[in-house]
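Participant: Work out the full structure: start from the sequences and follow the hints.
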Amino acid sequence: MRSKSNMTFSTSQKGFSFVGWLLVLALVAFATSTAFKLVPHYLDYMTMKKIIEAADNNQALDITTVNDFYGYVGKNMQVNNIRDIDLDKALKVTVENNAFKAHLNYEQREPWFQNIDLVMKFDKQLSVGKP
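Numbering (the UniProt record's numbering), first residue to last: 1 to 131.
These are calculated hints, taken from the structure and not from any lab test.
Small disclaimer: the values here were computed from a predicted structure and weren't measured.
C-beta: ideal position from N, C-alpha, C; glycine also.
Treat the hints with care, since some could be wrong.
Here are the simulated PhoX-like pairs of lysine-lysine, each with C-alpha atoms no more than 25 Å apart in a straight line [stated by the list, open to error]:
(1) Lys75 to Lys89
(2) Lys130 to Lys101
(3) Lys121 to Lys49
(4) Lys124 to Lys75
(5) Lys37 to Lys130
(6) Lys49 to Lys92
(7) Lys124 to Lys50
(8) Lys50 to Lys121
(9) Lys92 to Lys121
(10) Lys89 to Lys101
(11) Lys89 to Lys130
(12) Lys50 to Lys92
(13) Lys124 to Lys101
(14) Lys37 to Lys124
(15) Lys75 to Lys130
(16) Lys49 to Lys75
(17) Lys121 to Lys101
(18) Lys37 to Lys89
(19) Lys50 to Lys75
DEER-style ranges, computed between Cβ atoms [to be verified]:
(20) Asn98 to Val24: 54 to 60 Å
(21) Ser127 to Leu27: 42 to 48 Å
(22) Leu23 to Ser127: 48 to 54 Å
Facilitator: Right under this line is the structure:
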């Protein structure tokens, strides 16, 4: 014979409370807001890398000098609507061993909350063999 236990069980379970849902909603809004500020800068960076790499892949381009390279990248920045990057400060191009060496190095700041900024640093060395 079984003995009856003195434990009592709730007859129904409850989900999140109103405050719990507000906290979840605030967390989702915070993450979404941060993502909307960061993602465009990363997309611009990936586009810049593709532009530089395409200079090597496109045989129809006549890029033989450093100025030609800067002109090519600048035109493609306009086509891709990249306005937040100063090309002269962000990209350094040299010729070494019969190839262009492109150093893409820049920082983007995005205001986040009052006096707190989100800082993204991008630094990539690329070798483009064309001169």
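Participant: Now tell me, hint by hint, if it's right for this structure.
Facilitator: Outcome of the hint check:
| no. | hint | verdict |
| --- | --- | --- |
| 1 | Lys75 to Lys89 | holds, 16 Å |
| 2 | Lys130 to Lys101 | holds, 10 Å |
| 3 | Lys121 to Lys49 | holds, 14 Å |
| 4 | Lys124 to Lys75 | holds, 20 Å |
| 5 | Lys37 to Lys130 | violated, 36 Å |
| 6 | Lys49 to Lys92 | holds, 13 Å |
| 7 | Lys124 to Lys50 | holds, 12 Å |
| 8 | Lys50 to Lys121 | holds, 18 Å |
| 9 | Lys92 to Lys121 | holds, 16 Å |
| 10 | Lys89 to Lys101 | holds, 15 Å |
| 11 | Lys89 to Lys130 | holds, 23 Å |
| 12 | Lys50 to Lys92 | holds, 16 Å |
| 13 | Lys124 to Lys101 | holds, 11 Å |
| 14 | Lys37 to Lys124 | holds, 22 Å |
| 15 | Lys75 to Lys130 | holds, 18 Å |
| 16 | Lys49 to Lys75 | holds, 14 Å |
| 17 | Lys121 to Lys101 | holds, 20 Å |
| 18 | Lys37 to Lys89 | holds, 22 Å |
| 19 | Lys50 to Lys75 | holds, 13 Å |
| 20 | Asn98 to Val24: 54 to 60 Å | holds, 58 Å |
| 21 | Ser127 to Leu27: 42 to 48 Å | holds, 43 Å |
| 22 | Leu23 to Ser127: 48 to 54 Å | holds, 49 Å |
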